[in-house]
Amino acid sequence: MDRNEIFERLNDVFADVFDDDTITVSEDTTAADIDGWDSLMHITLISAVEDEFDIKFDMKSVVAMKNVGDMADVIEQEA
Amino acid sequence: MYKALQYPFDPQMILKKRRSIKKELLAGTNNFIDKKIAVLGGSTTHDIISIAELFLLNCGIRPTFYESEFGQWWQDAMFCPQELYEFSPDVIFIHTSSRNITKFPAISDSDEQTDKLLNEEFVRFESAWQALKNKFGSVIIIQNNFELPYFRLLGNSDASNRRGHTNFINRLNMKFADYAAANSGFYINDINYLSADYGLSRWSAPFYWHMYKYCLALDAIPEFSFNLASIIKSVYGKNKKALALDLDNTLWGGVVGDDGVEGIEIGHETSMGQVYSEFQKYLKDISSIGITLNVNSKNEHENAIAGLNHPEGTLKPEDFIVIKANWESKDRNLSAIAGELNIGTDSIVFVDDNPAERAMVTASHPETEAPDIGSPEDYIGILDRSRFFEVTELTGDDVKRNEMYRQNAARAAEQTQFADYGEYLLSLDMKAVIRDFEPVYIPRIAQLTNKSNQFNLTTLRISESEMENISKDDKYIRLYGKLSDKYGDNGVITVVIGEKENDKLHIRLWLMSCRVLKRDMELAMLDSLVGAAKAQGIKKLYGYYYKTAKNAMVKDFYGTLGFKKLSETESSSEWELDISGYQNKNKVIEVEN
Numbered sequence: 128m129d130r131n132e133i134f135e136r137l138n139d140v141f142a143d144v145f146d147d148d149t150i151t152v153s154e155d156t157t158a159a160d161i162d163g164w165d166s167l168m169h170i171t172l173i174s175a176v177e178d179e180f181d182i183k184f185d186m187k188s189v190v191a192m193k194n195v196g197d198m199a200d201v202i203e204q205e206a
Numbered sequence: 060m061y062k063a064l065q066y067p068f069d070p071q072m073i074l075k076k077r078r079s080i081k082k083e084l085l086a087g088t089n090n091f092i093d094k095k096i097a098v099l100g101g102s103t104t105h106d107i108i109s110i111a112e113l114f115l116l117n118c119g120i121r122p123t124f125y126e127s128e129f130g131q132w133w134q135d136a137m138f139c140p141q142e143l144y145e146f147s148p149d150v151i152f153i154h155t156s157s158r159n160i161t162k163f164p165a166i167s168d169s170d171e172q173t174d175k176l177l178n179e180e181f182v183r184f185e186s187a188w189q190a191l192k193n194k195f196g197s198v199i200i201i202q203n204n205f206e207l208p209y210f211r212l213l214g215n216s217d218a219s220n221r222r223g224h225t226n227f228i229n230r231l232n233m234k235f236a237d238y239a240a241a242n243s244g245f246y247i248n249d250i251n252y253l254s255a256d257y258g259l260s261r262w263s264a265p266f267y268w269h270m271y272k273y274c275l276a277l278d279a280i281p282e283f284s285f286n287l288a289s290i291i292k293s294v295y296g297k298n299k300k301a302l303a304l305d306l307d308n309t310l311w312g313g314v315v316g317d318d319g320v321e322g323i324e325i326g327h328e329t330s331m332g333q334v335y336s337e338f339q340k341y342l343k344d345i346s347s348i349g350i351t352l353n354v355n356s357k358n359e360h361e362n363a364i365a366g367l368n369h370p371e372g373t374l375k376p377e378d379f380i381v382i383k384a385n386w387e388s389k390d391r392n393l394s395a396i397a398g399e400l401n402i403g404t405d406s407i408v409f410v411d412d413n414p415a416e417r418a419m420v421t422a423s424h425p426e427t428e429a430p431d432i433g434s435p436e437d438y439i440g441i442l443d444r445s446r447f448f449e450v451t452e453l454t455g456d457d458v459k460r461n462e463m464y465r466q467n468a469a470r471a472a473e474q475t476q477f478a479d480y481g482e483y484l485l486s487l488d489m490k491a492v493i494r495d496f497e498p499v500y501i502p503r504i505a506q507l508t509n510k511s512n513q514f515n516l517t518t519l520r521i522s523e524s525e526m527e528n529i530s531k532d533d534k535y536i537r538l539y540g541k542l543s544d545k546y547g548d549n550g551v552i553t554v555v556i557g558e559k560e561n562d563k564l565h566i567r568l569w570l571m572s573c574r575v576l577k578r579d580m581e582l583a584m585l586d587s588l589v590g591a592a593k594a595q596g597i598k599k600l601y602g603y604y605y606k607t608a609k610n611a612m613v614k615d616f617y618g619t620l621g622f623k624k625l626s627e628t629e630s631s632s633e634w635e636l637d638i639s640g641y642q643n644k645n646k647v648i649e650v651e652n
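Chains U and H supply the protein sequences, listed in that same order.
Numbered by this note's numbering, the letters in the first sequence go through residues 128 to 206 in order.
Numbered by this note's numbering, the letters in the second sequence go through residues 60 to 652 in order.
By construction, these hints were calculated from the structure, which means they are not laboratory data.
Hints may contain errors.
[Claimed, not checked] What follows is a list of derived Cβ distance ranges for each label pair:
#1 H:Ala-63 with U:Thr-149: 49 to 55 Å
#2 H:Asp-69 with U:Thr-149: 21 to 27 Å
#3 U:Ala-159 with H:Ser-347: 42 to 48 Å
#4 U:Lys-183 with H:Glu-321: 39 to 45 Å
#5 H:Gly-87 with U:Asp-148: 44 to 50 Å
#6 U:Asp-185 with H:Tyr-605: 52 to 58 Å
Small disclaimer: the values here were computed from a predicted structure and weren't measured.
Here a beta-carbon is modelled for each residue, glycine too, at the ideal position from N, C-alpha and C.
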């Protein structure tokens, strides 16, 4: 799966979770950039991303994610 | 009914799209009852609350929530913070899990020590429940029991050895169950069953505890919240009351009109036959908890009856109240069944193997549940897990309800033989008992109060424990009414509560079960109410009508009783009756006060 496709699918997941079709995420997007992305929504987001790519993050990788780019890295390795 | 929230649902979809689902539910209708729910958590509760909200909205309950600070369930219960006190909850849900057990037995403990630990743990919970009851009186309390441990130190002996965590949790769960059985208004949210059903190792996946302090996996939350919401909707009278069942390929395999009675599959000769037998047995058991069975089938009537008389079948024609086996469309038959039972189409679950028929029925009746029941071996699992008939109180009347409906059908048959309705009523030999509340009837009175919708002037909902308080309070005049006739006993079917103010009596509640409509029971109730009121120096009665989606039939009820209309708006009216020269109205029921 190439990185563009990962980001396209991530955009869909973010749009669903934050109920906002205008969201576009990039490598550097962090929680501070998206309205409503607090620690509670983070839980839903992680689980929705796992479901979308049919993967399971382990704790170490979730704890280490600093931005959407990091998330895409893990998806690339796992999927 | 909102399709995405119907069992079996897709948990990921609900979690992901909860915001838009909520918007749609709120936009769909305005016909909600409002309830305040305090959630006291021993672990994270955020998603549990937001998903429970969806399921509650879907059954007509609009909740507002109080959420305790993280893990503060016990402190909140024992030392009620001001914010919780002011919130004044209708329901308190205590979300604890095996993660919240303070101390498990050590391997070196004696049997006596394990008993002592068990008791200490139980008392910690019991004291919290007691403190909440002291603070909030009649509040409904819902308490999780405990899921089994994630690992077993003693292997299989963990269950039998008193030092095993499995053993400890099983014993603690039994103590919780005993408490629930002995205390009304207290219900167990059975996560022990739920986690087993879901798969304990997935349910208790440690990731969610260590990452987010969730005591269960995120994906399990929709099932959890659905289960919790089912208890709440049952308490507030939102259960379903009847099943409308297709016949061919639903109650038996094959098509009785084509294959003949000997050709349909039911009974122990074939594996498919066994599946249908088991389903019929399940439906028979459902009817024993007071749910009425009805037929909605495209068939010749005589073929349908022949199929139901199959010697291997558990269900017989007399197990059904209304049998619509004809060539009408099923949505019209469904309306007819609702009409004959005197219940709303939203109280009926339509069960049919054919998706096209289900779609047809729900297109005309979006309020009717028509679950996707899957293939025959899944019917029971899906119907059961849909929690349509969640039992919170099981009264004697539930058990007898089908008998009562059958008697009603016999009365209707007799009615046609009389020219004059009054003559018919007299012929029924009706006898009523109308009295002040008595403790033995309080559960039934509360149940009736919380589920009567049509003949209900104010639709005031009162929980069982509030009802107990009212029954002891001098400022109220209370009456319940029981009615029997030559066909049988209808049990408690009507309730009136009036609140005294000097020489006035405000009628806060007047309701009656629709199964005794047009029997003049309301006249007998008014006679008794006036009698009781006069004895306490009351001069005038005040009646109130508050409109809901379902109670149009009693819009002019007070008018027909001779009350004078004082005021009227779009949604309510107020009535007055001077009782000084009151003459008794009931002439057909023999009343015992």
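Verification of the supplied hints:
no., hint, result
1, H:Ala-63 with U:Thr-149: 49 to 55 Å, "24 Å, violated"
2, H:Asp-69 with U:Thr-149: 21 to 27 Å, "25 Å, holds"
3, U:Ala-159 with H:Ser-347: 42 to 48 Å, "59 Å, violated"
4, U:Lys-183 with H:Glu-321: 39 to 45 Å, "54 Å, violated"
5, H:Gly-87 with U:Asp-148: 44 to 50 Å, "22 Å, violated"
6, U:Asp-185 with H:Tyr-605: 52 to 58 Å, "56 Å, holds"
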